[in-house]
Amino acid sequence: MPTPSPAGHPIVVRLLEAPFQPLELLDAWQRSREPSMAVQAAESHFIGRVRPTTASGAPLEALELEHYPGMSEAQLQFLAEACAARHGAGAVLVAHRVGRIAPGEAIVLVAVQADRRGPALRCVQELLEDLKHHAPFWKREWSGGSGTWVAGNTPL
Amino acid sequence: MPTPSPAGHPIVVRLLEAPFQPLELLDAWQRSREPSMAVQAAESHFIGRVRPTTASGAPLEALELEHYPGMSEAQLQFLAEACAARHGAGAVLVAHRVGRIAPGEAIVLVAVQADRRGPALRCVQELLEDLKHHAPFWKREWSGGSGTWVAGNTPL
Amino acid sequence: MSHQAAPPDGVVRVRLFAALREQAGWGERQIRLEAGTASAADLWRQLALGADVPTTIRVAINQAFAAPDTPLRPGDEVAFLPPITGG
Amino acid sequence: MSHQAAPPDGVVRVRLFAALREQAGWGERQIRLEAGTASAADLWRQLALGADVPTTIRVAINQAFAAPDTPLRPGDEVAFLPPITGG
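The listed protein sequences derive, respectively, from chains P, S, W and R. Residue numbering for the first sequence is 11 to 166, as defined by my numbering. Residue numbering for the second sequence is 11 to 166, as defined by my numbering. Residue numbering for the third sequence is 387 to 473, as defined by my numbering. Residue numbering for the fourth sequence is 387 to 473, as defined by my numbering.
The following block holds chain P by itself, in its conformation from the complex:
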């Protein structure tokens, strides 16, 4: 279980090797937040799931997520802190799967609490883009028994 950041913005980062239920993670995060802080009026989430087809439209057997252990956690923490500070968000949760992920399974979860809806919504959106471009993760699509490294991120 990652520890909250010593900075003003409590950040929780989870790197997960097994399937996870986003709502269960959100529930635990909300409970962990409640006693410590005043009510945050706005909370926004994003859940990304594995598509059932490859970029070229073939049926996907699994998505493989390679990462750079150590740096990936540190980068997620850094990006989340920077985003929270930029928007004045009160708390951030980032969860990211690694390893072999089946179609339909959750691959990423971002959640932000803030005092107003603008910062909460914008921080989720920006952090999602940040981690797609600046956290060391690489996707390989497995289809028909062979793996293909994904060349780039899906468009917004």
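Don't read these hints as lab results, they were simulated from the structure. For glycine and all other residues, C-beta sits at the position ideal for the given N, C-alpha and C. Honestly, I wouldn't trust all of these hints.
Claimed, not checked - If you anchor each label on the Cβ, the simulated ranges turn out as follows:
| id | chain 1 | residue 1 | chain 2 | residue 2 | range |
| --- | --- | --- | --- | --- | --- |
| 1 | P | R41 | S | L26 | 19 to 29 Å |
| 2 | W | G396 | S | G80 | 22 to 32 Å |
| 3 | P | T158 | S | A92 | 33 to 43 Å |
Chain P is fixed; fit chains S, W and R onto it per the hints.
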């Protein structure tokens, strides 16, 4: 329990007179979606909660939510359908409290599933603004035993 | 104030909400349209709610937003809505 | 490939990931810096990974992004990262 829209975008609208747990509503909504549709790769949520203070900074006893029964449900449905169509979203859930709401309780929940993150994120954000301006709800803040109608929406 | 399932000819149901309801002292009335009362704006004057409908007040006819000068028909439900503060 | 807790002087640990790892045929090496190998860009050439580091490849030194011409110190962990596709 509201029925999904006959249009292409399944819309669920809930008007709630008692406190609700957003994550429980999301769980039921996700389960209701799973058998019927292909995986939607992107899902975004927003939860709004009642602040503990009034607009002028006094301690809030409760927020009272008056609405126009009949028109409020119809408008939420209309706004959600329009937003889903505009962004090509696959499914929308809108839940809104009415009546007397205690500080910290959830007042609004918006959730959108789409094939990509852009439409999911944008539809949540736009629908939230739409319902703040075009659904017949009125907030009254109760503090020190007296009620004051809220003059306008909080800034983004 | 009366509640009738099918209002007679020439009668509309008027509804006020929130601050507007409290200022007027009533929330719902069945109103017989006077001669010359053709629109929600005319009704606003007939009910002595003011001269013109303020631009901050929105009109709904049969639970859908409508322009204040939309012609009224017997049986219509006309609502005057103060600035919305939901969400 | 050797795994030593404290690499000797003049040795850096090099890591490759994803497509880059597979193209090179290895993912991790301890490398003794040759004379004239002062930066990650020099290391890229020493390892015969190519001439210049392509602009699509990012460099991390001790698990933080760094410019390819950042001077290396003995004991550094240098990683070459192909285009990121997370999230």
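Hints versus structure:
In this structure the hint that P/R41 and S/L26 lie 19 to 29 Å apart at CB holds, the actual value being about 22 Å. At roughly 23 Å, the beta-carbon separation of W/G396 and S/G80 lies within the given 22 to 32 Å, and the hint holds. Here the CB-CB span from P/T158 to S/A92 is close to 39 Å, well matched to the stated 33 to 43 Å.
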